[in-house]
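The chain contents come next:
Protein chains: 2
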Amino acid sequence: DAAAGKDKAQACAACHGLDGLSQMPNAPHIAGQPEIYLKAQLEAFRSGARVNEMMSVVAKGLTDEDIDDLVAWYSAIEVTAKPPE
Amino acid sequence: DAAAGKDKAQACAACHGLDGLSQMPNAPHIAGQPEIYLKAQLEAFRSGARVNEMMSVVAKGLTDEDIDDLVAWYSAIEVTAKPPE
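Taken in sequence, the protein lines are chains A and B.
Numbering follows the numbering used here, in which position 20 of the first sequence is assigned residue number 20; successive positions increment by one, without gaps.
Numbering follows the numbering used here, in which position 46 of the second sequence is assigned residue number 46; successive positions increment by one, without gaps.
Hints listed in this document are in silico derivations from the structure and should not be mistaken for laboratory results.
Where hints are given, some of them may not hold.
Stated by the list, open to error - DSS-like cross-link-like pairs, simulated, lysine-lysine; straight-line CA separation at most 30 Å:
(1) B/LYS6 / A/LYS60
(2) A/LYS39 / A/LYS82
(3) B/LYS6 / A/LYS39
(4) B/LYS8 / A/LYS6
(5) A/LYS6 / B/LYS60
(6) B/LYS82 / A/LYS6
(7) A/LYS6 / B/LYS6
(8) B/LYS39 / B/LYS82
(9) A/LYS8 / A/LYS60
(10) A/LYS39 / B/LYS82
(11) B/LYS39 / A/LYS8
(12) B/LYS8 / A/LYS60
(13) A/LYS82 / B/LYS60
(14) A/LYS60 / A/LYS82
(15) A/LYS8 / B/LYS6
(16) A/LYS39 / B/LYS8
(17) B/LYS8 / A/LYS8
(18) A/LYS39 / B/LYS60
(19) A/LYS8 / B/LYS60
(20) B/LYS82 / A/LYS60
To be verified - A few chain B residues facing chain A, derived, Cβ under 10 Å:
(21) ALA4
(22) GLN41
(23) ALA59
(24) GLY61
Quick caveat, the model's predicted, so the values are computed rather than measured.
Glycine included, every Cβ here is placed at the ideal spot set by N, Cα and C.
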């Protein structure tokens, strides 16, 4: 549920932005990322299959519902990309 | 060097798009990603600190210069994000 995800994303916004555009040089944009990819990364951080100082801690506390809501929110964001000329 | 990176990105485009917008549900957008983040991920896939069926193979063959060029290209892409109303 994207609306619930938007509320939960308040906790992600410091690094990833509420709109999914990175606020930190070592944090990725997550705006509009494909659902399957985003879900797989949050689950990997939670299980330890993927390790990151910050995300390993953050993901530990996420429920399956949290993950689905956050993925719904961030994947619903429309992104455009304009390569350099 | 972004121009050299654009040439090298031909090899990435099948999954990530030349413009960095994902072409596959399990591949992330990499358009406009912060340089530090992108470089860290390519190095992690190359070293094995991060594992992915596809990227672990792709990254094995990358030189430091390849990584810098690819990062220069993809991070130079301008992205916008439009959250749902």
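(request) Mind listing which of the numbered hints don't hold for this structure, in increasing order? (result) Violated hints: 1, 4, 5, 7, 12, 14, 15, 17, 19, 21, 23 and 24; rest satisfied.
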